[in-house]
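*Asks:* Spelled out from the first residue to the last, the chains are:
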Amino acid sequence: MKKYIIIVLPLLFSLIVQAQQKGSVLIKNGTVLTITKGTLETTDVLIRDGVISRIGKDLNTPKGTRIIDASGMYVMPGIIDAHSHIALDAVNEATSPVTAEVWTGDAINPLDVSIYRALAGGVTISHALHGSANAIGGQSETIKHRYGTVDPDVLRMKEAPRTIKFALGENPTRVHGGGQGIVPRTRMGVEAVFRSSFSEAKQYMQAWDKYNDGKNNKGFKGTAPQYDLRLETLADILRGEVIVHCHSYRADEIYMLMQVFKDFGIKKLVFQHANEGFKVAPELAEFGAMASVFSDWWAYKFEVYYSTAYNASILHKNGVVTSINSDSGELIRHLYHEAAKTQKYGGLSDDEALSMITINPAKQLGIEKNVGSIEVGKDGDVAIFKNHPLSIYTIPMMTIVDGIVEFDRKNDADDMRIYADPDETIDVTLYGTGHAGDRCMQDAQFLFYK
Amino acid sequence: MTGLKLALMHRALLVLFLGACYITSLGQSDDLDPVTRIYAIKNAHIIQAPGRIIDNGMLVIKNGIITAVGQNIDIPAGARVIQADSMYVYAGFIDGLSHAGVPKPKEEDKKNKVKDPGNPPNNIAGIEPQRDVRDMLDPNDKSVDEIRRLGFTVSHTVPYGRMLPGKGAIILLSGDNPDAMVYKQQASLYSQLAGTPGVYPNTIIGVMAKYRELYRQAEQAKAYKSLYAQGANGMERPASDRILEAFYPVIAKQIPVAFKAEDVLSIQRVLDLRSQLGFNLVLADVKQGWDIFDKLKSSDIKLFLSLDLPEMEGQGKSDTIKVDKKEPLKLEADLEKKRLQARKDEVIKKHYQQPALFSSKGVLFGFSTAEAKSKDIKTNLSKLVENGLSEEAALAALTTSPANLFGLEATMGTLDKGKIANLVISDKSYFNKDSKVIYVFIDGKMFEYRDKPKTKKAAKVIGKWTYSVEGFQGVNTGDIVIKGEEGNYSGTISSVVTGDTNDLSAISVNGNQLSFSFTVVFEGSAIEVDIIVTIDENTFEGTMTPGEYGSFSIEGEKVPEK
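Which chain is which? The protein sequence lines are A and B, in order. Residue numbering for the first sequence follows our numbering, starting at 1 and increasing by one per position. Residue numbering for the second sequence follows our numbering, starting at 1001 and increasing by one per position.
Next up, chain A with everything else stripped away, as it sits in the complex (with noise of 0.2 Å):
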């Protein structure tokens, strides 16, 4: 007689949630590794509602709150990549040299699996940037990775300001004067794709106030200036409402936005990528603009050539709010080592290694306020690792995002995704998905090639 074994489907992975939830946890007896408040031993942190409500010795556990175990283990703020396009279903509106009204908030994509791997990395936000083929290119938006929803919404960090995407250089030369042989083709371009954006929202503001004056007036005839998102978006950013970040790699070009920014009275400034960033240390510190790079990732491309694993902890000493990104859905797993290389090439303490990948990018966000440190009134965002996080043995255990575990190593599926695709071939044989997974480019590379 035949015999059959019965494989029983895996249950209905059901952990699909509607709203933003918050939770409640009291992880007992870690080494809290705060960054700004210092190391505390054998120190509980409780989580309440989704908030850091208490740092201290035993503490007692409130009613319906779970408690976690961290002793011998390390307990730190939840890490913040300032450079991500993971979650994203679009990353580059690259047809024009100026999209400032794009958004990739409308392209939030909750199901990406990438955001569990970032969680496993320890990683609880990242900014979901636009990418840089175009001078002025899309707003950005900052996500929270409360995986597990089908609700773009729940993924944004409605506390996080608004960003937008910048890039100089061969990015943006390629793409527009390259492939379809408009401005810019040259750094001049660049240059000047940013200044007469910027004078035609001034031109643009000054319509609307002099409509606005006007129309209340007796017998107004006016006309106001059709809407126009682009020009709504830029002179937000002229008014200060919009954190830049952008896309650089030479120290000449670096120091030429900062002087189109004096000129236009633009302070909010990041720099992402800045390889040659310690060429200008001590400029874009008088400047009160911020950095954002890589460890040690260079000679991709030709402007990308001279550059030093000692960029971050130079820009550091030299008073530059510096983070360590990864621009990478690859790299975004172990922002930790690449933090733990600052140590190495520059000789940075613990807790100044650590601030590059917490309180600096939050800052670098606008987000600082809300998160980036272990403190009472921090949202409760926090990673745990057996080992210190620096140390080349350490091991992500368990990852926590407004009080819920997101990640917890001892109870890891093999298969995370929250929908299958109901049209795709199944196939086990893994394949390279090339360069480090860098989306950067992504949605663009058409232009390149005539």
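Worth flagging that the hints you see were computed from the coordinates, not collected in a lab. Treat the numbers as computed from the prediction; the structure is a model and nothing was measured. Some hints could be false.
[Claimed, not checked] Covered by chain B, according to a simulated footprint, are these stretches of chain A (three or more residues, beta-carbon under 8 Å):
no.: 1; stretch: 88 to 101
no.: 2; stretch: 138 to 151
no.: 3; stretch: 409 to 418
Beta carbons: idealized from backbone N, C-alpha and C, even for Gly.
Could you slot chain B onto chain A? The hints should help.
*Replies:* What follows is chain B alone, placed relative to chain A:
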């Protein structure tokens, strides 16, 4: 064989062929007016509305209107009597979104090269809200009969295009000319979250931004225009702008925006636009709404679920998979494959169960066919019923609900006296898998679909096709060229990846199945590659089997002849 015999055979073939043509043409509109416009459908099982059934009933149609329905009704003088014993009569189905009656546009010319891709002309950018589907209708387009023969009598039909293809209309799926088809013109402003390759807006973020900007510009222009109407003296003349003007009736809430949004993310993006801009919304071709049910329910939208369903391999499997112990699953990869298959099936099942779920929650919804292949629609309806949707609820979603959603309930949706004579008559209960539609009446005009013989014509394969195969090395693409004539084909296949071109052998066409082989040399040994595909007009899908190296799915499409 003598010459005479051959000639006879040819003649026989000719007769057979013409005969087939004649029968096929039934169901198409006739040039002559019918002898009478009075019909009496006798002895039928009449489903007046979901749950309202008359056995052995009679339904009388006069001049396009249902004039009587019930039992013990006299047959009016001059009526054509339809003996409908044991047949089922339903109100004609209403399609929530389709392109029925609109000829499919030819593949666009790739040389749409614009000088500045950031600022393309509106027609290239897919921004054409000023267009009207009435100007595109062709009553003889095959898309009309394709859904009519399934029982659809009315469709909310919209133009093809990208972001803003134009205005939709409610049309009857009959009529001798475009105007005769139109029941309600300018019924919606049709929109899609679809960018245009190579120009602005290209991606979802571009489309969302552009949509907001156009809408707000239209609001501004409309407000200024009404100010100007109040007192033009001394004011700058408002510019005429047909793109923005197309939004005016939407802003005035006279017509809704009809959005096609299939997946769970697109739906929510459309809901975002709606909550920011405040238009009335028809949300159609919805496929993945089960997890955002509350959003769909609370936002007072006119909802149409797609009749396009993903296909499950090996239909009929239950929640357990039986595995023969004699062939144990040795490899971890096999187990993983099973697990992945199970997850995929689970998502597919959610698609099948969605209408039942929505129905159980008391949400009003209709169905739409925009993305569905007409040959699958009837099977899919049965599939939805098998997955928990009651026949009554299914019928409501095809008749009363869409009539209500579109405000057509005064004249459509049920078989009641005074309504337009739109009905469908099937030989068994419509939702029975084996049922066949025998008659469709639209506006009182009869279409008969009885006895249509299956004409198995060989698919046209000659020409150049492009293909793509998903293999373990990524995607391989290239061309397949087939020459010659029926019974004597030859051809080649080329690969973009390897740059090789190989001759095809054993080319055979059976109905819509095309198969052929070719030989490639791989690491010194010759491998015979077999390809079998099913052709559907200008596209194909099938499998490629390279010797012992497994099999891969292949798909392709015909390169249009110049």
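*Asks:* Report holds or violated for chain B covering the stretch 88 to 101 of chain A, Cβ cut-off 8 Å, minimum 3 residues.
*Replies:* Holds, because 11 residues of the stretch 88 to 101 of chain A bring their Cβ atoms closer than 8 Å to Cβ atoms of chain B.
*Asks:* Counting residues of the stretch 138 to 151 of chain A with a beta carbon closer than 8 Å to any beta carbon of chain B, are there 3 or more?
*Replies:* Coverage by chain B holds for the stretch 138 to 151 of chain A (3 residues, Cβ < 8 Å).
*Asks:* Has the stretch 409 to 418 of chain A got at least three residues whose CB is nearer than 8 Å to a CB belonging to chain B?
*Replies:* holds (count 3)
The structure fails none of the hints (numbered hints given earlier).
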